[in-house]
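S.K.: Take a look at the letters that make up each chain.
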Amino acid sequence: MAVLQTPAGERAARGLDQTPGRPGRRSRKTPYQGSARGFIAPGVFLVAVLLYLPLLWTTFLSFTEYNGLGDPAWVGFDNYVEMFGDPAFVGALMNTLLWVAGTLVIPVGVGLALALLTWNLPGGIWLRLPFLIPYAISGIGVGVIWSFILSANGALDQALAVFGVTDPPRWLVDAPLNTVVMIFASSWQGVGVNALLFTIGLQSIPKEPLEAARVDGATGIRLFGSILWPMLRPLTAVVVGLSIVASLKTFDIVLSMTKGGPGRASETLALTMYRETFVNSDYGLGSAIAVFLSVVTLIASVLYLRQQLSQKHEM
Amino acid sequence: MKSRNIAAAGIAAFTTAALLLTGCSGGGGGNSGDNGDKAAATTGTLDFYTDKAAWEPDFDELNATSKDAVDISLNTTGYSDAAQYDAFIKQSFRTQKSPGLFTWHTGDSLKQLVDENLVAETTDLWSKAIDEGWATEDLRDEYTFDGKQYCVPMNIAYWVMYYNKNIFQEQGIDVPTTWKELDAAAAKLKDAGVTPYYQTSILFTFQWFQQLVAGTDPELYKGLSTGEVKYTDPEIVDIMNIWLDEQKKGWFSDAGSTTDPAVGLKQGDFAMINFGSFFNGSLDGAGMVSGEDYGMFVIPAVNADLDTTPVAVESGPLCVAENSKQKDLGLAYSEWWMSPDAQTAWNAARGDVAFNPKATVKDPMLAELGKTVADDKHTLFTRYFEATPTPILTVALEQFGAFNANPGDPMPFLEAIQAEADKYWAEQK
Chain B
21 MAVLQTPAGE RAARGLDQTP GRPGRRSRKT PYQGSARGFI APGVFLVAVL
71 LYLPLLWTTF LSFTEYNGLG DPAWVGFDNY VEMFGDPAFV GALMNTLLWV
121 AGTLVIPVGV GLALALLTWN LPGGIWLRLP FLIPYAISGI GVGVIWSFIL
171 SANGALDQAL AVFGVTDPPR WLVDAPLNTV VMIFASSWQG VGVNALLFTI
221 GLQSIPKEPL EAARVDGATG IRLFGSILWP MLRPLTAVVV GLSIVASLKT
271 FDIVLSMTKG GPGRASETLA LTMYRETFVN SDYGLGSAIA VFLSVVTLIA
321 SVLYLRQQLS QKHEM
Chain V
1048 MKSRNIAAAG IAAFTTAALL LTGCSGGGGG NSGDNGDKAA ATTGTLDFYT
1098 DKAAWEPDFD ELNATSKDAV DISLNTTGYS DAAQYDAFIK QSFRTQKSPG
1148 LFTWHTGDSL KQLVDENLVA ETTDLWSKAI DEGWATEDLR DEYTFDGKQY
1198 CVPMNIAYWV MYYNKNIFQE QGIDVPTTWK ELDAAAAKLK DAGVTPYYQT
1248 SILFTFQWFQ QLVAGTDPEL YKGLSTGEVK YTDPEIVDIM NIWLDEQKKG
1298 WFSDAGSTTD PAVGLKQGDF AMINFGSFFN GSLDGAGMVS GEDYGMFVIP
1348 AVNADLDTTP VAVESGPLCV AENSKQKDLG LAYSEWWMSP DAQTAWNAAR
1398 GDVAFNPKAT VKDPMLAELG KTVADDKHTL FTRYFEATPT PILTVALEQF
1448 GAFNANPGDP MPFLEAIQAE ADKYWAEQK
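Chains as they are written, first to last, in my numbering: chain B, 21 to 335; chain V, 1048 to 1476.
Everything labelled a hint here was simulated from the structure, so no lab data went into it. Some hints here could point you the wrong way.
Pairs of lysine-lysine, BS3-like flavour, derived with a Cα cap of 25 Å [said to hold, decoys possible]:
1. K1099(V) to K279(B)
2. K1409(V) to K1212(V)
3. K1374(V) to K1114(V)
4. K1227(V) to K279(B)
5. K1409(V) to K1099(V)
6. K1227(V) to K1237(V)
Every value quoted in this text rests on a predicted model; they were computed, and no experiment measured them.
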């Protein structure tokens, strides 16, 4: 390790000793190439075994019929045809999109609002802190807590009864209300950390442009729209990007609150994948859904980040 | 210098790989005791896996008896998530750690394992059990594939109606012996402001359908499990309309309630619950006393013209993996498990009906139930959960759950189940 820290070692490791115009020397091994490969081998091995291999195996399984026993049987695109032809899959897709929209509007929106309203206040941390506490709970834990609150004759219904509401909505039974209330439950957990991230973003904005804008008379919405929002964009891109990815793979809270029911009314794509793979033992169809979900997540992330990056360059 | 670096890197890579491989291969922990050169051992510690994690203390309690009798103790690993457990067991068949003993499900799930030659044959054990009068031939049929037996019964449960005795007493209701009397009891309870029946929208959503269909025409019920009857056939639709009519009368509890059903029966959220006879354990755990606070009765047939009253029965198997290093040990334990001594001890530990007629059942009410269903006025039929192929079952449980949550025209629910059934039976041809 000490050897690589020397300037010569660094140059060698980065290939800087290779002189332009002498291509013959490019293929020549540097003194440390062998040992460098030895050091990165465990990492490469782990990535290959834990990430690439499962990806390839899942993709292969998506073209087979396999119940977890015996050998997979090749069926081509049958699983994909079946997947897109299943109304329940379309329902799960719609629910997942509702999750994406909901978790963008509430946890990100409210998180930003909370950060904006408190970042300049003396003692603002004490206003943000309670919102952070639920972040310490797992998704399953959040689901269990909110199940107590939202189930029939649960805490919320009993509280409403005090105010004379004797026939409250069936929060976890009727669709799409059940998905909406689960988004709220998830938001309860997610607002705090988003507020924290936005606060960090706000605190990192240089004071000079802010003061200049204020001197020019910009306050409130004008200050936010012209100065704060554009300068927060890099952080917003990360927060929104993470939120999209997290919402596309929503699983734990739905599993613990409704198990995707009643029927399949509140199922998300991740739950459909779990259901087909581990409940129905249809590993092929489950893998096809996994591949679809991965591709959607990848496309959404790439499109979003590309758009954000291009906007950044335009600035 | 260079060789020293390469040597250092090589050692680093080798050590990491060695650690990884050690970690991968050592996943089963150090309790597999009798593996390797003790492959044919028939005494010792047997690794046992089950999806009934809550029963682990009961299995542990049984160890003292099994140790004395056959010198075998169970090292129990309980899973609380059924889907995770099933995946684990299926994966284990591909490894050196396939279990010496594990719980599974009868019906389609067991057939899958048998078709792949993954479970050890137990024909000899069953022959002995039948000869000794330890098990009935009806029960053996559940474990028979192409004339051979696989696995042994871990437990047996009859699906009956549990009721809150205090509520029945307060309302002056006697235990119903006909479907009409049951309807009258439900109507009387509803008039008195008590919800007659429990229902849920998750998992245990099938039992009323099962009861209505089998109680109307057992052959119709059997036809559903073989694909000869469609869920959309008029007879099934008529039966669903009976259920819908009862739903409209408000005879069922809130399907969205998450209250423990045992607690619900205790606190009078509903007066009756159709459940397996293993429910005694839950009710006892909720603080109710068998025979005093709660009772049970065989649900009368919907069709009064039936010669016998059908009673749903379920049996969960104990299996031994064919390629397990503890195969002989697992089979030795299985043989002992079927004996009256083992079943009496198990019954004392767990509190359940016994599949072995010669075992002593601790709870008098369960003992009585065992005698009742064995007489010539009752016929046992396989529970819907085991009688229905898994893909159809999954959809049916969801659709019945949706029906319970939002009762309405039964056709859309039945059509959804039939669509899956059509797909499944087409693949079987």
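S.K.: Looking back at the hints listed earlier, which ones does the structure fail to meet?
M.R.: 4
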